[in-house]
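Undergrad: So the chains spell out like this:
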Amino acid sequence: MLLLKPQDASFTQFEHLMEVNATFSQRRQLSELLHRVAVLGLSDSVGALKLDASMSFNALYDAIKNVTDSAVPELEMV
Amino acid sequence: MVDTIYVEAEIAELDRTREIISRYPKANRIYIERYGEVFNSHAQNFRIQKRNPALILAAKKNKKVMPAPEQYETGGGAQYYFSHMLNCVYDCRYCFLQGMFRSANYLLFVNYEEFVQEISEVADSHNNDKKPVWFYSGYDCDSLAYEPVTGFANHFIDAFAAIPNSVLELRTKSTQIRSLLNKSARDNVVVAYSLSPTRAAREVEIGAPSFDKRLDALLKLQQQGWRIGLRFDPIIWHKGYLADYEGAINKVFNVLDPDQIDSVTLGGFRLPKGFYKTMHKLYPEHWLLNAGLTEHSGMINYRRDIETEALDKVAELCAAHIQRERLFTYPSYKQAE
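Chains as they are written, first to last, in this note's numbering: chain F, 1 to 78; chain W, 1 to 337.
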């Protein structure tokens with residue numbers, strides 16, 4: 001089941017993670033987090049984690065959140 | 001360009017209403033009973049409406065002057081705010097208005113005299129206070145951006161001259177300062193500019209005058225003797241933000257006379273959670289609404305480590321130019337938390 005599926009390549013890249021064993025609310029949280037990954041351009045960093053839907057939800061979520069939390073947005077050069 | 005004007009029947013014949021309408025001779029005019037019929041309607045999309053907002057002319061009923069949160073002091077006494085207008089001609093990504101209102105239409109309350117009456121009554125109730133009562137304008141709109149149409153500042157600056165124990169603070173990003181420059185400076189008016197460094201302003205303060213243009217307006221006002229304030233609020237966190245703020249702050253204090261600046265305030269990004277959720281639905285793709293944020297006491301703000309660094313470091317940059325007693329910071333987290 002997918003929720004709030006953003007229409008972007010990086011989400012598709014991690015779509016398999018939504019198969020994690022989780023509640024409706026947790027899946028929504030994960031979906032929002034993956035959206036943030038896409039917006040902040042963190043797909044490579046998350047991809048490097050080699051995450052798997054067989055992991056526990058908390059492990060999966062925390063691993064991705066560590067990446068988004070450490071991201072600092074860059075502005076275009078003016 | 002406004003192409004539709006909604007007019008409450010009650011104020012349709014006021015001189016001010018007629019004058020505003022006359023500025024838009026080609027606009028469709030629609031007469032309504034109460035502005036809520038249009039402004040509060042459910043079936044509206046803020047983002048779409050923002051592309052071409054209508055103007056609603058109405059009378060503000062009930063309470064017009066509200067107490068301002070104590071934490072937002074700038075050195076004055078009791079604090080209040082009032083809004084002659086709801087919504088703004090600018091489109092800043094951090095602005096809570098897009099989370100608070102369903103409509104992006106400009107709602108202008110034209111019963112200025114009733115606002116002034118209530119402001120006078122509130123000021124009277126503070127007659128024995130040691131410090132003047134502060135009245136903020138510009139929470140729910142930009143105080144000056146629509147000035148050529150509204151004549152708001154022109155009217156209220158003169159009105160405040162008759163309310164001696166009061167200060168009017170006009171919060172703005174606008175360069176529409178002609179009505180001020182046409183007057184002599186007043187002791188009880190402060191013009192406070194929201195400022196962000198050029199790069200950040202370009203990405204998040206859509207439609208607002210550039211940093212340099214705002215600084216130019218500040219200089220003109222200061223040179224004419226107007227009291228001015230600087231508002232680095234919210235501080236926009238991004239890669240290299242401290243260097244950007246250092247450059248902006250150095251430039252501001254090189255151009256302006258620091259001794260003639262009334263106050264400088266600093267604040268972090270902060271929004272009620274419900275507003276944030278609405279705004280995120282409107283602009284899910286914007287980095288500002290996706291980076292460095294967390295929930296704290298029902299508010300969405302920067303993580304504590306980010307906010308603390310931002311407020312402390314930017315305060316240090318300002319303190320190199322201005323005395324600490326004129327520098328105010330608005331942290332989201334209490335010291336003991």
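Don't take every hint at face value.
Said to hold, decoys possible - Here are the in silico distance ranges between beta carbons for each label pair:
no., chain 1, residue 1, chain 2, residue 2, range
1, F, Val72, W, Lys213, 26 to 34 Å
2, W, Ser184, F, Ser70, 19 to 27 Å
3, F, Ala63, W, Gly240, 48 to 56 Å
4, W, Pro25, F, Phe24, 53 to 61 Å
5, F, Phe24, W, Ser41, 40 to 48 Å
6, F, Thr23, W, Thr294, 19 to 27 Å
7, F, Ser70, W, Arg51, 52 to 60 Å
8, F, Phe24, W, Pro67, 53 to 61 Å
9, W, Asp129, F, Phe24, 21 to 29 Å
10, F, Val72, W, Asn62, 26 to 34 Å
As the list claims (entries may be wrong) - Straight-line alpha carbon distances no greater than 20 Å define the calculated DMTMM-like cross-link-like pairs of lysine to aspartate or glutamate that follow:
no., chain 1, residue 1, chain 2, residue 2
11, W, Lys213, W, Asp257
12, W, Lys273, W, Glu285
13, W, Lys239, F, Glu76
14, W, Lys50, W, Asp187
15, W, Lys50, W, Asp3
16, W, Lys239, W, Asp187
17, F, Lys65, W, Asp187
18, F, Lys65, W, Asp140
19, W, Lys277, F, Glu76
20, W, Lys334, W, Asp305
21, W, Lys281, F, Glu19
22, W, Lys277, F, Asp44
23, W, Lys273, F, Asp69
24, F, Lys65, W, Asp3
25, W, Lys239, W, Asp140
26, W, Lys273, F, Asp44
27, W, Lys131, W, Asp187
28, W, Lys239, F, Asp44
Stated by the list, open to error - So the derived list for chain W, only partly shown, Cβ under 7 Å to chain F, looks like this:
no., residue
29, Glu70
30, Lys239
31, Trp287
32, Thr308
Please keep in mind that the hints were generated in silico from the structure rather than gathered at the bench.
Source: prediction; values computed, not measured.
Just so you know, even glycine gets a beta-carbon here, dropped at the ideal spot from N, CA and C.
Undergrad: Now, for every hint given, state plainly whether the structure supports it.
TA: Structure-based check of all given hints:
| no. | hint | verdict |
| --- | --- | --- |
| 1 | F:Val72 <-> W:Lys213: 26 to 34 Å | 28 Å, holds |
| 2 | W:Ser184 <-> F:Ser70: 19 to 27 Å | 54 Å, violated |
| 3 | F:Ala63 <-> W:Gly240: 48 to 56 Å | 27 Å, violated |
| 4 | W:Pro25 <-> F:Phe24: 53 to 61 Å | 55 Å, holds |
| 5 | F:Phe24 <-> W:Ser41: 40 to 48 Å | 32 Å, violated |
| 6 | F:Thr23 <-> W:Thr294: 19 to 27 Å | 22 Å, holds |
| 7 | F:Ser70 <-> W:Arg51: 52 to 60 Å | 36 Å, violated |
| 8 | F:Phe24 <-> W:Pro67: 53 to 61 Å | 42 Å, violated |
| 9 | W:Asp129 <-> F:Phe24: 21 to 29 Å | 55 Å, violated |
| 10 | F:Val72 <-> W:Asn62: 26 to 34 Å | 45 Å, violated |
| 11 | W:Lys213 <-> W:Asp257 | 17 Å, holds |
| 12 | W:Lys273 <-> W:Glu285 | 18 Å, holds |
| 13 | W:Lys239 <-> F:Glu76 | 10 Å, holds |
| 14 | W:Lys50 <-> W:Asp187 | 37 Å, violated |
| 15 | W:Lys50 <-> W:Asp3 | 13 Å, holds |
| 16 | W:Lys239 <-> W:Asp187 | 40 Å, violated |
| 17 | F:Lys65 <-> W:Asp187 | 52 Å, violated |
| 18 | F:Lys65 <-> W:Asp140 | 34 Å, violated |
| 19 | W:Lys277 <-> F:Glu76 | 26 Å, violated |
| 20 | W:Lys334 <-> W:Asp305 | 13 Å, holds |
| 21 | W:Lys281 <-> F:Glu19 | 25 Å, violated |
| 22 | W:Lys277 <-> F:Asp44 | 27 Å, violated |
| 23 | W:Lys273 <-> F:Asp69 | 19 Å, holds |
| 24 | F:Lys65 <-> W:Asp3 | 46 Å, violated |
| 25 | W:Lys239 <-> W:Asp140 | 30 Å, violated |
| 26 | W:Lys273 <-> F:Asp44 | 30 Å, violated |
| 27 | W:Lys131 <-> W:Asp187 | 14 Å, holds |
| 28 | W:Lys239 <-> F:Asp44 | 19 Å, holds |
| 29 | Glu70 | 32 Å, violated |
| 30 | Lys239 | 5 Å, holds |
| 31 | Trp287 | 4 Å, holds |
| 32 | Thr308 | 16 Å, violated |
Hint compliance for this structure: hints 2, 3, 5, 7, 8, 9, 10, 14, 16, 17, 18, 19, 21, 22, 24, 25, 26, 29, 32 are broken, all remaining hints hold.
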